[in-house]
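A.B. asks: Residues in the sequence shown are numbered consecutively from 974, following the working numbering.
Take the hints with a grain of salt, since some may be wrong.
Capping the alpha-carbon separation at 20 angstroms, the derived lysine to any residue pairs in SDA-like fashion look like this [claimed, not checked]: (1) Lys-1268 to Ala-1547; (2) Lys-1475 to Ser-1534; (3) Lys-1272 to Ala-1245; (4) Lys-1109 to Leu-1134; (5) Lys-1272 to Gly-1333; (6) Lys-1475 to Cys-1382; (7) Lys-1456 to Gly-1431; (8) Lys-1475 to Gly-1392; (9) Lys-1457 to Val-1488; (10) Lys-1272 to Val-1298; (11) Lys-1560 to Arg-1451; (12) Lys-1475 to Gly-1448; (13) Lys-1099 to Asp-1526; (14) Lys-1475 to Asn-1529; (15) Lys-1272 to Ser-1325; (16) Lys-1272 to Val-1285; (17) Lys-1457 to Gly-1401; (18) Lys-1456 to Pro-1472; (19) Lys-1109 to Arg-1135; (20) Lys-1305 to Gly-1448; (21) Lys-1456 to Ser-1325; (22) Lys-1099 to Leu-1128; (23) Lys-1475 to Tyr-1494; (24) Lys-1560 to Pro-1472.
FYI, nobody ran anything at the bench for these hints, they're computed from the structure.
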Amino acid sequence: MSDALTFPGASRLGSVRSVPALFLDCVDRTPDRVAFTVPLAPPGHAFAELDRPGAPGAPEGWRQVTLRDALDNVAGLVVRLRSLGIGKGSPVAIVAETSHAWAALDLAILSLGGVTVGIYPTLPGKDIAWQLAHSKAQIVVVEDDALATRLAPFLDPLPELRHTFAMKEDAAIPALAPARPDLDLLRRQIAAISPDDPATVVYTSGTTGLPKGVLLRHRHFLANIAATALVEPIAPGSRSIVFLPLAHSLQRFAVYRGLVEELSGWFSPSIADLPQVIRLCRPQILVTVPRMLEKIKAKAEAQAAQRGPVPVALLRWAVLVGSAVYWLERGKQRVPLRLRLQQALAERLVGSRVRAALGGELTHIISGGAALSVEVGLWFEAMGMAVCEGWGLTETCAPATMTTVNDRCLGTVGRPLPGVELRLAEDGEVFVRGPGVFDGYLDQAQATAQVLTPAEDGGLPWFHTGDLGTIDTDGRLRITGRKKAIIVTAGGENIAPAPIEKAIEGGIIDQVIVVGDERPYLVALITLNLDVQADAQADAQAAVQAAVQARVDAANASLPSFATIKRWALLPRALLVEEGELTATLKIKRRVVVERYGDV
C-alpha cells in the first residue's frame, strides 16, 4: 500500500504517516505546552525519577508533563527497548493499569515500529498467558510484583517471551526505566514507519468464547482521528480525563486524538479515584462508557434521597423539565416561554449543583463502548451537559458513527463518519466498511473470513459487526442488540434482551440480565445500586422488592406479552470484573453470569 493517506480529513494531518509521527508533530509545534497532568509516582516506580513536584498549576501530589518532557521520556524508552532487541514488527505486551507510564511505553513501542499488545491486568493468569502466547510477545511489562508473582507459573512455557519487566521497582523483577534519550535516533525510527505497519493487537473481550486478536494498523487510527476531528472539532486546551483501560481501543484512540487538538489530559490513578480527579481537573470533556454514567447518576440520586423528599422531588422535576426541552429542540419545535423559565429555575436549583460536583465545567460527554440508555442520557442533558454517542467495535478501531453537539439524538449512535458506509443485512445485522475497519484477526484466517466479505464493487470489504440495528430516514444508526445475544424462547420467539434490560435499569436497580433461551417465558437477574444495597436492611426489604417490581411493571407495560418479564430475582452483590462476570470495559459476560446464577 502507498504511504499516501487518501481518507476523508487526511489533509488535516499534513505529512503525518503514523501515530508516533502525530506525537512528534505535536511536540515540534508546542514543545512547552502541558500535555498531561499526572499523579506523582510512588518511590520505586520506574518513572519516579522524572517526577518534579511543585510545577506551576499542578495540585499537591500531582505534576504537569510538557510535551518536551514526554518526548525525552519516550526517547529514553526507545533506547532501552532497542537495546533489548525490539524493532519493526516486534510484539511487546503491557499488562498494567492505565497510567502515563502505559501511554509513554506505548508510544515508544510504536516509535520503533513495534506492536503494542495491551492486555487487561484483571484477567485470570491463564487468559493473560494465552494472549501472550498468541501474540508471540517478546517482552511483557506488568504492573507490579504482585501481578508478576501471579503470572509466574504461566510464563515459563512461552517460547517467544524473552524478558519480563514491571512498571514499579519491586523485589521480584526489574522495572523498565528509560535510558538516556537519543532524539536523533527517535526521529529516524519514526520516519521509517509506514501507515500500513501494524500498530497494535487488541483482544476482543471474549464474552462468547476465546478472544480474537484484532490487528490495527497506523492508518486505521489516523483515519478515525482525521474523520472525528473533521465532524466535531474540539477547542485546544480543553481538559479531559484518561481513566478507561488503555488496553481497549476507545481510550487509546482518545489519547491519540487529543494530540491533534492539544487537549490537556489528566490521568486518574484508578476508577475509584475518578470523583476526586474530576473535582481537581474540572474537565470540559469526559470520554466514558455508559456504566460510568449510570454510576454518576445513581450516586446523585442517592445523595438527594439522603437529604430528604424535597431534594428528590426537585431532581425529578428538573429531569422532567430538561427532558421536555430536549425533545422539543431535537424536533425543531418552539420551546414555550413558561418551559424556558422552568428550565432556568431548574438550572439554578439543580443543574448547576450537579455540575459543580463534576468540577463545574463539564459541558460535553462522549459515551461509547456499549449502548447508553435514553433515560441516562436525558438525565445528563437535563443537568446541562451535551451527551454525544459513538458506535464502533474493536474491529473498527473505535468509532464508526457518532453524534455531535449540534446533531445529537438520544437513542441513536449518529451518522457514519466521513468515508464510512453502513448497510443492514436481512436479519438486521449491521455491516460497515471504511478506512478505519481492520484487515483481519491475528493468525485467525477462518475467523476473519467469517466477518469480512469482499465488496461487490471491488472497494473495501464489508465487516459483519454482529450488532443488530436500524437506520432512520436521516441516516442515523440505532443499535437494538447483539445477534449472538438474541434469546429464542421455547415458543420460538426471537427477543433482543438489551432494550428490555435498559428499560428496567435505573433508580434502585443497577444491572439487569434477561434470561429466556428455551424457556416458556423471560426471567431477570437483578442487582441493586450499591448505595441502595447498603441501606436495604431487613426492615426495608419489602420497600426494595416493591420498588424493583414497579420498574419491572413499567417496562412490561410497553412490551408485547411474549417479551415481558414474568419472574425476577435479586443477586446478592454487584457483578464484578475480578470475578470474571464483567469485561474490563464493564460489559456483562452473559454466559458466565447465567452459568453461575442459573439455580437462582
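A.B. asks: Could you check the structure against the hints above and give me the numbers of any it violates, in ascending order?
C.D. replies: Hints 7, 8, 10, 12, 13 and 21 are the ones this structure does not satisfy, whereas the remaining hints hold.
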